[in-house]
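So you can see what is in the structure, the chains are spelled out below.
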Amino acid sequence: MKRRPLIIKNQRWLDFLFHRPNIHLASFQTISNYPRIWIISILILAVTSLSPLVMATFINNRLIHKSVDSELVLQTDRVTSNAKRSMRFFLEERLNALRFIVNELPYYSLIDNEHLTKILSNLKLGFGGFTDLSIIDADGSQEAYAGPFNLEGKNYKTQSWFIQSIERDNFISEVFTGYRDIPHIIIAVRSQTAYGRHFILRATLDTQRLMDMLSSYKTNVHTDIFLLNRSGIIQTPSTIFGKVFTPAPIDIPAFSDATQVITPENNEENAYVIGYSYIVTEAVTTPFILMVHKKKSDVMGTWLNLGKTFNWIIGFCCLVMMVIITLVSTFMVNQLYLADQAKAETMIKMEQSQQLACIGQLSAGIAHEINNPLALINETAGYLKDLYQYTGEHRSDKEITELLDDILEAVSRCGTITSQLLGFVRQFDVQISSVDVEKLINGILSFHQKETEYKGIHVTTAIAPNVPAIETDRGKLQQILLNLINNAFQAIEANGCLDIMLSHLPPKKISIEIKDTGCGIPEENLKRIHEPFFSTKKEKRGTGLGLSITYGLVKKLQGAIRVESSEGIGTIFTVTLPVKMQKEEKA
Amino acid sequence: MKIILVDDETKFINMLARRLSLRGMDADVAYSGEQALEKAAQTRYDIAVLDMKMPGMSGFTLKRKLLDQLPDIKFIFVTGHGTIEQNGVPDQFDDIFLAKPLNIDTLIDIIRQRINPDQ
Chain A
1 MKRRPLIIKN QRWLDFLFHR PNIHLASFQT ISNYPRIWII SILILAVTSL
51 SPLVMATFIN NRLIHKSVDS ELVLQTDRVT SNAKRSMRFF LEERLNALRF
101 IVNELPYYSL IDNEHLTKIL SNLKLGFGGF TDLSIIDADG SQEAYAGPFN
151 LEGKNYKTQS WFIQSIERDN FISEVFTGYR DIPHIIIAVR SQTAYGRHFI
201 LRATLDTQRL MDMLSSYKTN VHTDIFLLNR SGIIQTPSTI FGKVFTPAPI
251 DIPAFSDATQ VITPENNEEN AYVIGYSYIV TEAVTTPFIL MVHKKKSDVM
301 GTWLNLGKTF NWIIGFCCLV MMVIITLVST FMVNQLYLAD QAKAETMIKM
351 EQSQQLACIG QLSAGIAHEI NNPLALINET AGYLKDLYQY TGEHRSDKEI
401 TELLDDILEA VSRCGTITSQ LLGFVRQFDV QISSVDVEKL INGILSFHQK
451 ETEYKGIHVT TAIAPNVPAI ETDRGKLQQI LLNLINNAFQ AIEANGCLDI
501 MLSHLPPKKI SIEIKDTGCG IPEENLKRIH EPFFSTKKEK RGTGLGLSIT
551 YGLVKKLQGA IRVESSEGIG TIFTVTLPVK MQKEEKA
Chain L
1001 MKIILVDDET KFINMLARRL SLRGMDADVA YSGEQALEKA AQTRYDIAVL
1051 DMKMPGMSGF TLKRKLLDQL PDIKFIFVTG HGTIEQNGVP DQFDDIFLAK
1101 PLNIDTLIDI IRQRINPDQ
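Taken in order, these protein sequences are the chains called A and L. If you use our numbering, the first sequence corresponds to residues 1 to 587, in order. If you use our numbering, the second sequence corresponds to residues 1001 to 1119, in order.
Since the hints were made in silico from the structure, they are not lab data. Glycine residues also receive a C-beta, built at the ideal position from the N, C-alpha and C atoms. Hints should not be assumed to be uniformly reliable.
Stated by the list, open to error - Stretches of chain L that chain A covers, calculated by requiring three or more beta carbons in the stretch to come under 8 Å of a beta carbon on chain A:
(1) 1014 to 1020
(2) 1096 to 1102
Claimed, not checked - Straight-line alpha carbon distances no greater than 25 Å define the calculated PhoX-like cross-link-like pairs of lysine-lysine that follow:
(3) A:Lys385 x L:Lys1011
(4) A:Lys450 x L:Lys1002
(5) A:Lys450 x L:Lys1074
(6) L:Lys1074 x A:Lys439
Bound-form chain A, shown alone:
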């Protein structure tokens, strides 16, 4: 079978979409709606191949986000816990130092300013972070002071920190400015004089020290660590929420002295988590809440970017796959369409040839039935003519003889037509046998012997010595030669020549050349001589079927026929046939 080349020309590429519907062809096609098949195939391929990819991507994204979230929570939790522990230690350490001082030293030595100054310098050396020390009696008046500010003789009776600290043993204040206008924290311990009167040892702590400690936990710019008091006022500077003493625009979390992490429901862009813990020491509850604020997008940027890149790659893959799927589907559906169309065309051809066979059989039947009465007319008219000619009666009556000749002529024409119609039907089955072409040619020529002599035609046959007997259909070959030789005889005028050449074309072909010196065929007719019912012998007696049948027969015998002709000089018909004809498979 002849294969279509795989590289499909542009205009064939979308044939199935843009073909003009041919009702006759469509009735033989297996599939009628190719665009629909095309779309379905693209859809099925796309869904089956892309959906696992899309699902995997979706799951992967979810996993990345989940792990990013939990990692963020973990990190925040760690930072918060560490910072809280340091913070607690910082406060406890100083509180205990004060407690040690009031327990160790008697009241009178504490209210000695010089001694107190010495203690302060020792504290600064030992712990750091202390700004000043003072002793305040139960009435709120400052008994002794050591430090850089001139606060001697101040009365703190109305200050809220004093009211709170005189009521308990230990006290830690929130950050406030107080008399000195500098943010500071007060830690105070309460004790008793030898006379049972309460007094307070108060120390102010430098907030800078606290801030330095907290900021040491800031691992990167996206982390913000600061202190809030219990009413939501910022105690140490926050990079996000601003300066000290401004209220933070966040909800104050519920009390918990263990570290807690909150993941607020928020949009992806500004997603963040908050870790917090209330600072509670063993001795005292502080007003501080440690807050750690971590931005998700920035902290986990690498991870999220990786996820994004991955999504882009998947998206690109999907696009490429869609393109491939579309191309493959289009190609396949088009191939299917072309194959289907080729099939439909073959079936139409088969139908046509079957129709032709039917017509042939019908006409053969009619021809046969007509031949018998025709033969009777022929013989009767012939006999009538004979009567005139042989008996001598009415011999002079030329008109009757001429009329009878007309009848005989007409019958002869009918005979030619019927026999050629019968020839049509014989084109269909082939019987292969061994044929000696030379003998066949001689047989046909002997049939024309009389005409040869009568017209004075020189007939020469040149048979090459090595021509093998060929395997072919004897009857068909005979008819081919008969037709061609008959044609030649009709074309040749008196004293013309007919040359027949038979030669072997090694290895597998023979050639028969029939050359006459007849009238020749005009150039414009040469192309049409094989068309059925094309004849130039209208005035004579031609049906136009002879050469058409001959061409068909040569094709049937797997051979080829060629014609060369020049008007007035003659015509050469060359028939090439295979030495061994292949049996054709039954259709």
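Please arrange chain L on chain A, whose structure you already have, making use of the hints.
Positioned in the frame of chain A, the structure of chain L alone reads:
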């Protein structure tokens, strides 16, 4: 030279016989195979012109039977079936087929050729 013409088309074969006799050829007619065999038993024919398709005995069967009686007899087959591919040309059994309607001159030529192939 004796000729026998066998065909079920009686009028046709009578006409043919008359025309042949006008041309100096002695032709008998038979309208069926059986009749032909009867006639062949009495007369020694040189050549038989047979229709291929006849009711009863076909041309080929008749040929075999006639050959039994007259081994030297020659045959010419005539048929309306238009065996054009063998028109006037001997096949491998050396029989000659002619299509109806016949040309009387061709027929006579062939009869003469058959009987005296050397001429």
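CA of Lys450 of chain A to CA of Lys1002 of chain L, is that 25 Å or under?
24 Å, holds
Given the proposed pairing of Lys1074 of chain L with Lys439 of chain A, does the C-alpha separation stay at or below 25 Å?
Judged against 25 Å, a Cα distance of about 20 Å means the pair holds.
Sort out whether Lys1074 of chain L lies within 25 Å of Lys450 of chain A, counting only the CA atoms.
Roughly 21 Å between the alpha carbons, so the hint for Lys450 of chain A and Lys1074 of chain L holds.
Does Lys1011 of chain L lie within 25 Å of Lys385 of chain A when you go C-alpha to C-alpha?
17 Å, holds
With a Cβ-Cβ cutoff of 8 Å, does the region 1096 to 1102 of chain L contain at least three residues near chain A?
holds (count 4)
Taking beta carbons only, do three or more residues of the region 1014 to 1020 of chain L come closer than 8 Å to chain A?
holds (count 4)
The structure shown violates none of the earlier numbered hints.
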